[in-house]
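Residues per chain are reported as follows:
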Amino acid sequence: MANIDNCLNVKRLSKNYGAKKVLNDVSITLNYGETVALIGANGAGKSTFIKALLGLVNSTYEELSFFGQEHRLNQNYLKKVGYLPEVSGFWSELSAQALLSYMSRLKGVESIVVPKRTKTLLQAFGLWKRSQGIMGSYSKGMLQRSGLAQTLINDPDFIILDEPMSGLDPRAQENLRHVVSQLKKRGKTILISSHSLGDVQQLCDRVLVLENGSLILDGKTKDVLVQVQQKYQNNEPWDEDPIVTWNGQL
Amino acid sequence: MVNISDIVLLTRLRMQLILKQRLGLMSLGVVLFFLIVSYILSTLTFVNVQKMFWDFALGCIFIVIVFLTSYMSTQVFSEESSNKTLHLVLSSGCSRANWLLSNILGVFIISALMVIFWTLIAWCFHYALPGSQSGVMIIQAQILLIFELLILSSLGFLLSIYTRSIVAFASLMVVVVFLHSLDGLEMVFRDHNVGGVVESHGQYNFLVFWIARLFPPLAWLDVKSFVGYETQIKWLSVLGLFAVSLGWAMVIFWASLFKFKKMDL
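Order-wise, the sequence lines are chains A and B. Just so you know, we're using the numbering used here here: the first sequence kicks off at 1 and counts up by one. Just so you know, we're using the numbering used here here: the second sequence kicks off at 1 and counts up by one.
Extracted from the complex, chain B is given alone in its bound form (with noise of 0.2 angstroms):
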């Protein structure tokens, strides 16, 4: 049963144990120094200055929350069965549903902040480069970053209850390299009959096409489709990929909820 008031107790205190420890004032650290270096780059190159910054701080955006985010999901679980805080919490009434619900929450709330922050500040440091940029992109790519940061977190749940934290860990970057690469895949197994040449992957083509279809689709989330930032995507779009992306997530948390039910703290 959904418990409204407990789940938003429990995702208060998953946000303050997260910002009470020094991950995320030593993630802030390591943006804010990337964020300097891609200013750097950018005056140095002759060509369109504000691209290049944004290529830079967006990347780098881009890979400390999703490894942030991967390294928070897949701890939470291990750690709170180690120091028996679980039984705490459970043996207080609160359902395993409302608990894993509102831990989910609790790290995709913190990053999906941290994202918000880090390209704010990275806004600020735009305005000292020469040249404009529309930032309807910019904001669409943050956007869609926020929606895998929604799958992302579910998923290290899933791993971690299924398996060690550690583990659990490395399967998600595995994972979310692979679910990038799917394009990639794609050229792999692509029959290149165009320009004469004709290879033999065509036969595995239903594989990427499935692999396309069954796995959540961070490709279709990816910054670097935009990066162009020329053509604005269609806010319908976007809607459509959080519909997609929430869809992904609740999967993954029935998954997660499936074995948690079944396991004995």
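Here chain A stands alone, though its shape is the one from the complex (with noise of 0.2 angstroms):
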């Protein structure tokens, strides 16, 4: 029986790809309005642990539900969650107007709020000059302000960011930062994927650290991220790594 206290329940999660294991007993529990950070060196499992939360990667577990719902049962949960993959989606024929009319529809939202919602978004995040224009013609950060908003155009309980800083410049980043603190004041439960320590320690309340598709941490902020530190000033692999026994000549 799913818990329903909790936003997200996961036990004992793996995923193997052939016969490398990429997720190993992940288990995690997310309260509601918490914001949580999930770490992790490249390849440690990040964002196949998303995706095997959205159901994108076929995976074993004991448990996984979202809002006390069964995932095995019925995956009409996704419909409350707000998902930015790493590099956004999008259809380079469609408008940025059109992807959020479709996308609303998708997500279940009443027809009736659709275009206030989606006005409101696409002012907020900038794009309701070029909204009619379509999106092959977006530049990266505008097409990461249309992905941000499809994620937000259905008003979610849950919001999955991975890795949403990734390629942006500093100011982009700011207004994301600003954005996911204001989800944050609204009361949203947060699960952001990301390598930037600086973002996690302003943004997070909690963290969870993946080591090579295990779980090795989960705590508060403050703490983990001192563990973090610590274990990286005293990181053997670093010092093991080819790259750094290169002299640079080809």
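In silico lysine to any residue, SDA-like type, Cα no more than 20 angstroms apart, as pairs:
no.	chain 1	residue 1	chain 2	residue 2
1	B	K51	B	F34
2	B	K84	B	K262
3	A	K79	B	I7
4	B	K84	A	N58
5	B	K262	A	G55
6	A	K80	B	V2
7	A	K80	A	P156
Just so you know, the hints here were simulated from the structure itself, not pulled from any lab data.
With the hints as a guide, bring the two chains together.
Structural data, given as structure tokens:
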């Protein structure tokens, strides 16, 4: 029986790609209103974990439930989730307005609120003037903002952001931090996958650390970051990395 | 679980995306060009002008639409997964079955509408030619072509889920030619003992028998069987062929879904 007191319950989630174990019995619980960071080196399994939560990759688990609903029984809970992928998907032939219109209906937003919400989001993210233009002509920053707008179109209770700062200029990053802090104030549950410890410190209440597919740390931001910094200061693997011994000659 | 509103929405999206591509306009241009050529060729003949026109016109519509439908159906999956829009849709609570069904429907409906539109244009051309032609056989031939497009749309998705889109497209083209050639195959393997010639292929008759029964019956839907435009097919047979085509499309859909559900995106 799924626990309805938590926004997300994951017990013993594992994923293999052939013989390689990408996620190894990961168990986490997210409470309502928490902002949680998921950190780890490249290849640690962060994106795979997020995809497994959303059913984009097949995984094995003892329990996987959102808002108390078992994933196995029903995936309708996804209509209350907002997901911003690391590389935001878009149809280059559509405009941002058309994208939001389709996504809102797909996520079951009542048609009466769609126009107002679409306009509010497009204005807030500075896309209103170009909202009729096709997305194939947008800059990377505009695409990221369109992606963020589609993430929020259903006013989701749970928001998953997969490396949202990746490829953004400093100003766009600052804007995104502002958006996350506003969502946090509104009591949304947020899971952010990030490499930036500064952002994690500024935005998150809790940190989960993945290493080689296993959850090695889970605790309050301040405590975990201290442990992470200590770990990296005494880190042997970095010294063993071949790139450190390269003298720049070809 | 089937969600009708998701299916309607995504079918509309697929149709809108296809219409916004230049492919539709380009193929309309190609069809118009061939219709004009058909018209000119038919005016050069002294025999049945109408038959000559419709032979060329229907043949060109058939080739262009089969090519176009095969291309569209084999491209969608790879495009949607490479530009991550598939992730966007599936992470919004739409099931994989609904995504697959709506995209097959989107490609099929657009293709069917193109056939209807192009046939209407050809119809306008034929009024300018001398003689008359019964329209029933032409309508029936185009209905059979639309049934074939239903099979091709689903087969394109099946192949593109199992392999790369370019390989899927090439394979689908081979499959189309092969399945339209079952009569030819039968000729090769038939035991020709009529007229005193006994061929050694008779032992392979069982192959043709099973191939003809196991694969989608594209040969049954072949326009060339009806180009005489003399004998109308019974409407009950048309209904029967629709049932067979729908059955095949469903079998192919389930085979695609079986693989698609196991895939990591």
